[in-house]
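Enquirer: Residue strings, one per chain:
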Amino acid sequence: MAGAGRPDPDLPEADAAPTLSVRGLSTEFRAGGRVRRVVDDVSFDVKRREILAFVGESGSGKSVTFLSVLRLIADPPGRIVDGSVLFDGEDLMTLDPKGARMRSIRGGGIGFVFQEPMTSLNPVLTIGRQIMESLRLHLDMGRREARARAAGLLSAVGIGDAERRLGAYPHEFSGGMRQRIMIAIAVACSPRLIIADEPTTALDVTTQAQILELLAGTVRDLGASLVLITHNLGIVARYADRINVMYAGRIVESGATDDVFADPRHPYTRALLDCVPRLGETRKLAPIAGQPPDAGTAFAHCPFLPRCARALPVCRTAPPPRLADVAPNHSAACHAAELPE
Amino acid sequence: MSQPKLQVEGLSVRFPVRSGPFQRRVGEVRAVENVSLEIASGGVFGIVGESGSGKTTLGRAVLGLVDTHAGRISFEGRPLVGPGRARRTADHRRMSLVFQDPFGSLNPRMTARQLIAEPARIAGTVRTRAEARDLVAAKLDLVGLRADMADRHPHEFSGGQRQRIGIARALAGAADFIVLDEPVSALDVSIQAQIVNLLSDLQQTLGLTFLFIAHDIAVVCQFAERIAVMYLGHVVELTDRRRLVENPLHPYTQSLLSAVPIPDPVRERARQLALVKGDIAASSADLSGCVFHPRCPLANERCRVEKPALMDTSDNRAVACHAVEEGRVEMPARESV
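Sequence order for the protein chains is A and B.
For the first sequence, the numbering used here assigns the number 8 to the initial residue and increments by one for each residue that follows.
For the second sequence, the numbering used here assigns the number 24 to the initial residue and increments by one for each residue that follows.
Be careful, since some hints might not be right.
Here are the simulated lysine to any residue pairs, SDA-like style, with alpha carbons at most 20 Å apart [claimed, not checked]:
id	chain 1	residue 1	chain 2	residue 2
1	A	291	B	220
2	A	105	A	127
3	A	54	A	90
4	A	291	B	223
5	A	291	B	167
6	A	291	A	314
7	A	291	B	265
8	B	300	A	168
9	B	300	A	221
10	B	300	A	169
11	A	54	A	335
12	A	291	B	221
13	B	300	A	167
14	A	105	A	140
15	A	291	B	227
16	B	300	A	220
17	A	291	B	248
18	A	54	A	227
19	A	291	B	231
20	A	291	B	224
21	B	300	A	181
22	A	291	B	66
23	A	291	B	263
24	A	291	B	65
25	B	300	B	317
26	A	105	A	91
27	A	105	A	81
28	A	291	B	285
29	B	300	A	179
30	B	330	B	52
None of these hints come from the bench; they were simulated from the model.
Chain A with its partners taken away, still in its complex shape (with noise of 0.2 Å):
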C-alpha cells in the first residue's frame, strides 16, 4: 500500500481553504515567578485531506502547539497570549475554552488521539460508553442509534466481537487495542481534521505498524486531515506529505516530507537526519552536540546556536531567524540556510 493517505493532487480540496490556519501563536506558562514561552509565534496551515507531520524532541513545543488549538491549557499556569486559530473559518481562539461551542469543536470538528492510552480513557467506564458518550453528545443520537454506530465503530478499528466487546473495560484490553479503541473515538463524528499525538509511542513496533496503517487509512475514507506529531523520522517518510520541524517552541524548518528529507535546509534537521541509527548501515552515528534546550528557555539568537556546526558570524549577533521561504513551497528559520553547501 504505497502513499498511504496521501492525499490525490487531481482533487481540487488541494487548492480550497486549509482546514486549518495558525498564524502567531504563542504560549506561555508561569512557574515560580518565571514567564516561559513554550510556543513562540508559531503559524502553519493544515491543508484539506493531507497529512501533516510535526517533528521535535521533548521540550520543542510541538504537543504544547496543539493543546493550545484544542483551547486544553489550564490557566494558570498557561496561557495563550497571541496568535489567531481558524479551524473551518472560524477563530476558535475568540471561544470559551469551557462553552458549548468549544466542547463541540473538541471530538466533533476535531478528533484527537494521544499517546498513553490508559490514561486518556476512562478505566471505569466501558469503552461502549465511552465511544457512545461523544456521538450522543456531538450528534445528538439516541441510546439504541449510538449503541449501533459504537459497535459498527470498533468492527472497523479491527475489534472483532465488537457487540460483546462494548461492554468490557479497558484494562481489558491490550495497549495495541487501547489504540484503536482511542482511534474509533477520535472519527466517531467523522471530524474534518485529526491530531494525533505519539500515537505509537508507547507500542511495540508490530503493532506501531498495525496501527499507523489503520489510522492512515481511516483519515483517508473520511476524506479529513491529519496531524501527526513524533520523534519518528521513519513514520513521516512514510506517511506525511509534509513536515514542520520544531525546536525550542518555533517551526525551524517547514516544506513537502520528499523536499526536506532530500534536501534538509536548516542544521537541526541535517544533524536529525544524521543522527537516527538506519537498519543495515554502520557507519558511525553522528551525534548533535549538547542537548535540546528546557521548554521555555529564551534566545537572544538563534536558539539552535549553541549546537550549531554552520554557524556563521551573523548568527552569534542577529536575533532568532524567521521563517523564509528557501525554495518554492520549502521554508527554513536559519541565516545560513540560503548559503550553498
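Since chain A is already given, all that's left is putting chain B on it; use the hints.
Expert: Okay, now just chain B, sitting in the frame of chain A:
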C-alpha cells in the same frame, strides 16, 4: 573457538502466578524458555524483542538477580548460575548493568561522586577517600562529564548526562561484562546517538563485553555483531547482524524488520509491509506448538502442535521454525538502507 566470555545453556525462568486468599500457585509465566547462547570475549551480543519477549528477564538471570528454573550459565568457563535460587558469586563482581531509565535508576539523594564511588568501594577497588576522588574524576572524564560536576545530584543533570553517570557507575567497579537493558530508549533522538557512540567507544577501548538488550532493531544492529531475536521467552532466530537485516528467515523476524519504518520517503513509499495480525500472547504456558503460530501467516497443523527446536542452518545461523525447515519461507533480500 576460544573460551566464550559467557555461556548460557538451556536456561528457563518461570514466575509463579499466585491468587486467592492463601496466595495459592495457580499458574506460571514462562518468561524464558530453553535459551542457549554464547557471547565471545570482547564482543557485543544483541537481544531484540518486543515487550513480553523475556529479554529483560534473560539479562537479569545472567546477573544472578532472578531464580532460574532450569539450565546453567557460565562465565569464562566457570559455573555462574545453576538451576534454583538466585545467588551472586565472585564472578558477578565482573558484571554490571546499565538500566533504561536514567531518572529512576539513580538515588536522588546521592551525588554523582557517591553514586560512582559506591560500586568501587563494594568491589574493593578503592579504599581511601583520595583513591575514591581520583577514581570518580577518571570515570567522569571517561564518560564525557566534567570533574566539577561530581557534587551535583541527579536532578541537576539532563537525561543524557544521567545515563552517562549510569555508565560511569557500571564501569566503576571491576566489571568487564556489561548488561545494557534498553540504555537509550528513554532518550531524545539527538542524545541517543551520543550515548550509542560513547558505549561503542568504551567497548572498543576498554575491551568490554556487552549484552545489549533493546526493542529497537536499528539500535541493536548499530553495534551488536551477533543478535538473538526473542519472542515469548524463546529465541526464534540467532545470527550475525548482516544476515539478520539482509535475509531474515523466521517469519517473526521478517515482520519485525518490515514494521520498522525507514527514514527515507522514496524508499519507504515503495515498500510493501508484511504486517502480522494480533498481539503478542500474555504467556506461552498454555500455548501448544510454536509460540508465534497464532500470528504467523505460514502456520500449519504441525506449527500448532509441535514446538520447533532452534536448529542450525548451513549459513552460521540458528532458526526455530518448521516453515523454514520445510522450505516454505520466502527469502526476501532486503535492500540495505
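Enquirer: If a hint holds in the structure, say so; if it does not, say that too.
Expert: Hint-by-hint comparison with the structure:
1. A:291 <-> B:220: Distance ~7 Å between residue 291 of chain A and residue 220 of chain B Cα, so the pair holds.
2. A:105 <-> A:127: Since the Cα atoms of residue 105 of chain A and residue 127 of chain A sit roughly 19 Å apart, the hinted pair holds (cutoff 20 Å).
3. A:54 <-> A:90: Within the cut-off at roughly 19 Å; holds.
4. A:291 <-> B:223: holds (9 Å)
5. A:291 <-> B:167: holds (18 Å)
6. A:291 <-> A:314: The hint holds at about 19 Å.
7. A:291 <-> B:265: Roughly 16 Å separates the two Cα atoms, so the pair holds.
8. B:300 <-> A:168: Since the Cα atoms of residue 300 of chain B and residue 168 of chain A sit roughly 16 Å apart, the hinted pair holds (cutoff 20 Å).
9. B:300 <-> A:221: Answer holds: residue 300 of chain B to residue 221 of chain A is near 12 Å, not above 20 Å.
10. B:300 <-> A:169: This hinted pair holds, its Cα atoms lying about 17 Å apart.
11. A:54 <-> A:335: Answer holds: residue 54 of chain A to residue 335 of chain A is near 17 Å, not above 20 Å.
12. A:291 <-> B:221: holds (11 Å)
13. B:300 <-> A:167: holds (12 Å)
14. A:105 <-> A:140: holds (18 Å)
15. A:291 <-> B:227: Since the Cα atoms of residue 291 of chain A and residue 227 of chain B sit roughly 13 Å apart, the hinted pair holds (cutoff 20 Å).
16. B:300 <-> A:220: Within the cut-off at roughly 12 Å; holds.
17. A:291 <-> B:248: holds (15 Å)
18. A:54 <-> A:227: holds (13 Å)
19. A:291 <-> B:231: holds (18 Å)
20. A:291 <-> B:224: Satisfied, since the Cα-Cα distance of roughly 10 Å is no more than 20 Å.
21. B:300 <-> A:181: Status holds; Cα separation ~14 Å.
22. A:291 <-> B:66: Holds, at about 17 Å.
23. A:291 <-> B:263: It holds: about 18 Å lies between the C-alpha atoms, which stays within 20 Å.
24. A:291 <-> B:65: holds (19 Å)
25. B:300 <-> B:317: holds (9 Å)
26. A:105 <-> A:91: Measuring from Cα to Cα gives roughly 18 Å; hence the hint holds.
27. A:105 <-> A:81: Satisfied, since the Cα-Cα distance of roughly 11 Å is no more than 20 Å.
28. A:291 <-> B:285: Holds, at about 18 Å.
29. B:300 <-> A:179: Roughly 19 Å between the alpha carbons, so the hint for residue 300 of chain B and residue 179 of chain A holds.
30. B:330 <-> B:52: holds (17 Å)
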